[in-house]
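Asks: This is what each chain is made of:
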Amino acid sequence: MTKKILFIALSALLLSAGLLMAATSLKVRVKSTKLRRSPKFYASSMATLRFGESLEKLSEQDGWIHAQTSAGTTGWIHSSAVTTPKFTVTAQRTAQEETSADEVALAGKGFNEQVEQEYRKSTELDYTWVDRMDQMVVTEAEMERFFREGKLGEYGGGR
Amino acid sequence: MRKNMTMFLVMLLLLSCASVSQMGTKILEEEGVIDEQQKESIDRVTAAVEHSFADLTGEQEYYLGRSVAAKILTSYQVYENTSLTTYINRVGNAVAYASDRPELYGGYHFLLLDTEEINAFACPGGFIFITRGLLGTCRNEEALANVLAHEVGHVCAKHGLKAIKKSRLMEAFDVLLKETSKHYTQEQLNRLTEAFDGALGDIVDQLVIKGYSRQQEYEADRLGLKYSHLAGYACSGMVQSLQAMVTSAQKTTGLGFFKTHPVPQDRLEKVQQEIASKSYSRAVEPTRTKRFQMTVG
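Going down the list, the sequences are from chains A and B. In terms of the working numbering, the first sequence opens at residue 1 and continues consecutively. In terms of the working numbering, the second sequence opens at residue 1 and continues consecutively.
No lab work stands behind these hints, which were simulated from the structure alone. There's no promise every hint is true.
Pairwise CB distance ranges, derived in the manner of DEER restraints [as the list claims (entries may be wrong)]:
1) A:Ala71 - B:Ser213: 41 to 51 Å
2) B:Ala276 - A:Glu140: 29 to 39 Å
3) A:Ala71 - B:Val284: 19 to 29 Å
BS3-like mimics (lysine-lysine), calculated; alpha carbons at most 25 Å apart, straight line [to be verified]:
4) B:Lys226 - B:Lys270
5) B:Lys178 - B:Lys162
6) B:Lys158 - B:Lys290
7) A:Lys121 - B:Lys278
8) B:Lys162 - B:Lys270
9) A:Lys151 - B:Lys290
10) A:Lys31 - B:Lys71
11) A:Lys34 - A:Lys57
12) A:Lys31 - B:Lys158
13) B:Lys178 - B:Lys71
14) A:Lys31 - B:Lys162
15) B:Lys166 - A:Lys40
16) B:Lys226 - B:Lys290
17) A:Lys151 - B:Lys226
18) B:Lys158 - A:Lys27
19) A:Lys121 - B:Lys71
20) B:Lys278 - A:Lys151
Virtual Cβ for every residue (Gly too), placed ideally from N, Cα, C.
Just chain B, with the same shape it has in the complex (with noise of 0.2 Å):
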């Protein structure tokens, strides 16, 4: 009974400090391993290693996504329409409401981007662009929502961030960890600019060049799917802009969206057994469509 109670009460004490590897580090200190400094260097190293993309605070994504906009926006025009532009911020924000994260630090924002490539780029921090192409494959609204939500779905996942590297995180957490002040020295500025260009051609890569992996973009789908059904979209804009691209991929020589993602033929499938499997039922709004039709032709 004693042996338990006291198995009881050092269970507690450990899971009461902060650290196991802090207490490894000052049991090597105490026994004169280490000196303070050492142990100081030791524990900032350990708490770096430790971090993810997952430990990047909300401020820290949407600066991150900033740039990946301002860098994708050097390859892209802006389709200026303002009602249009409006009209997507609207929807784009319906589904982001009924998502994961409908709070970001600095929101969601939508924006049309000028050119007949079917396209969609999912920034961190929700920075969301769309092609007019692929605004042409969707007839109605539910598909609007349905392709906004994916992105949405994107961003919720952070599916951008994790294909930051794992040594740029590392030093741009060494310095977090190290600096006590938030203006740093031109130094420390200089490693942490060093990491964030690292990290952006990580994410400009992965969004531009070698695409989501199918798995992600399935996510992506699956995520897109809840969230419209969420806000009260019927889900069938999906399909219908899945066989859209389907038909459009047949006709293209495989660039832009269809390099950067799975054949919408495999996504289909796994779309309509989604949606089969979780009852999104829905029927298409009339007086959705009508306003769509309205603002997009």
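Extracted from the complex, chain A is given alone in its bound form (with noise of 0.2 Å):
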């Protein structure tokens, strides 16, 4: 009896080693992000990652994650943007990580774009504004101006 016991926890424990291996594999959780050439929302895209799509980790340093994509590039992007797979244990995980362990995993799912189209044919909501919203963007190079000439951040008394 013992002997099956033992068998199966080692079973396990060569899985989790072997799950373990594989915890510097990320996959993008936002729709749309960038891999920065230094750890900072304003700093300079090196590539544009989308949804979905895999890096390899290579440091982490307060946050942020030095990774490296498919095409050989690297440079950071930040924790809160990818997410570890489902079945990666690490002691080092964090709240963050293990609440967006099934992200990719339930891309497209629940509450989603073909929800949304369902939902607006029994509605007269305009999102004409939600839209435009949506396609608001602030580019790098003028966040670094703002944040310069604000002194805020690396500029002032700021992180």
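Both chains are given apart, each in its own frame, so use the hints to dock them into the complex.
Replies: So this is what it looks like as structure tokens:
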């Protein structure tokens, strides 16, 4: 009996070890984001990343992840923009990562675009301004200037 | 020793299992108490019940937020001013960068509503509205940043999503867990759309009619101060704009913002305590005040 339990437990351990090795694999969980030159939101872009895209984690620093795309481009991405695979088990896993673990697996499910389209058939709601809001983008260059001129973030006393 | 080892291994085995409840249904199935179909049904219902607002993905939050925003815009006109809207989006994103959720599925977007009413709405997914009346209580960029950071705080703490009734989430997760394909049948779509409609009603009711709880407002104040400070802003703007609200509240008859927010005097006291306890002592930056005056007037 003990031998049987030992065998199952060792299998579970081996499985966990295999999953730990896969812990460096990340997926983008937001519609679109940038891989940045340095760990700042207003740093210049190295690549545009789309939802579900895979990245390899190289290192981590203050909530920012140094990562590499499948095309070999390296840069920085904030940890809130990526998710670790569902079954990844690490001691350092944050609460944010816990709640986001199913993010990519559940992509397009539940309250999605199809549901919004169906809902819109039954209402006269106007989404014109919502769509315009969606398209409002502040570029890295304008935010860098905004921070610099306003002495914000690294240019002032912030982070 | 051998007993301890066995215990350890059993514990390890249990921790390796996906769900204890699924183990239970598996045993019942093996014992012939339930059949395979019943097991799957129980597992799905159990999983649906276990889900909460926190399990909604960023994508689902985004689609809920879009429709909540569209509903709010049925009651308010947009104040169309490109340079002002751009400026508000820059200030809003500056504090959002310093927040606990800087990267949302669709990002943060800020829009000004054309009304003298002092009010603001933080829809799930980062769609944030502030009124001209609320902007009018801000004397500098610090105050505007503090106000927007408070709204970002509501988004980060998922206060809007917390208003969704459990029954809507159970319905949505039941369909979601049952269907493996991303394209739903008409029957599944009807169920999801009904749950979606109900969830929108719950959120709008919370945002517009009932307002957030006092505790949620205090939490948004605390987070707003934190995000403002981390971005590099002085937190005195929050005190100044709350003082302006106290004065306005005394003049109004309890409509709009004051209907849905705790008495500004209560918030003001807590904000002053928070600023003192966290030593948020940064000074107002004149160059920021100058650009605020040039843009807002």
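Asks: Hint by hint, say whether it matches the structure.
Replies: Okay, the hints, checked on the actual structure:
1. A:Ala71 - B:Ser213: 41 to 51 Å: Holds, since Ala71 (chain A) and Ser213 (chain B) (Cβ atoms, about 48 Å apart) stay within the stated range.
2. B:Ala276 - A:Glu140: 29 to 39 Å: Holds, at about 36 Å.
3. A:Ala71 - B:Val284: 19 to 29 Å: violated (45 Å)
4. B:Lys226 - B:Lys270: holds (14 Å)
5. B:Lys178 - B:Lys162: holds (24 Å)
6. B:Lys158 - B:Lys290: violated (34 Å)
7. A:Lys121 - B:Lys278: violated (50 Å)
8. B:Lys162 - B:Lys270: With Cα atoms ~23 Å apart, Lys162 (chain B) and Lys270 (chain B) stay inside 25 Å; holds.
9. A:Lys151 - B:Lys290: The hint holds at about 13 Å.
10. A:Lys31 - B:Lys71: holds (23 Å)
11. A:Lys34 - A:Lys57: holds (15 Å)
12. A:Lys31 - B:Lys158: holds (19 Å)
13. B:Lys178 - B:Lys71: Violated, because 30 Å separates the two Cα atoms, which is more than 25 Å.
14. A:Lys31 - B:Lys162: The hint holds at about 23 Å.
15. B:Lys166 - A:Lys40: Between Lys166 (chain B) and Lys40 (chain A) the Cα gap is close to 38 Å, so the pair fails against 25 Å, i.e. violated.
16. B:Lys226 - B:Lys290: holds (24 Å)
17. A:Lys151 - B:Lys226: holds (18 Å)
18. B:Lys158 - A:Lys27: Status holds; Cα separation ~23 Å.
19. A:Lys121 - B:Lys71: Holds: Lys121 (chain A) and Lys71 (chain B) sit about 15 Å apart, inside 25 Å.
20. B:Lys278 - A:Lys151: Holds, because 21 Å separates the two Cα atoms, which is no more than 25 Å.
In this structure, the hints that do not hold are numbers 3, 6, 7, 13 and 15, in rising order.
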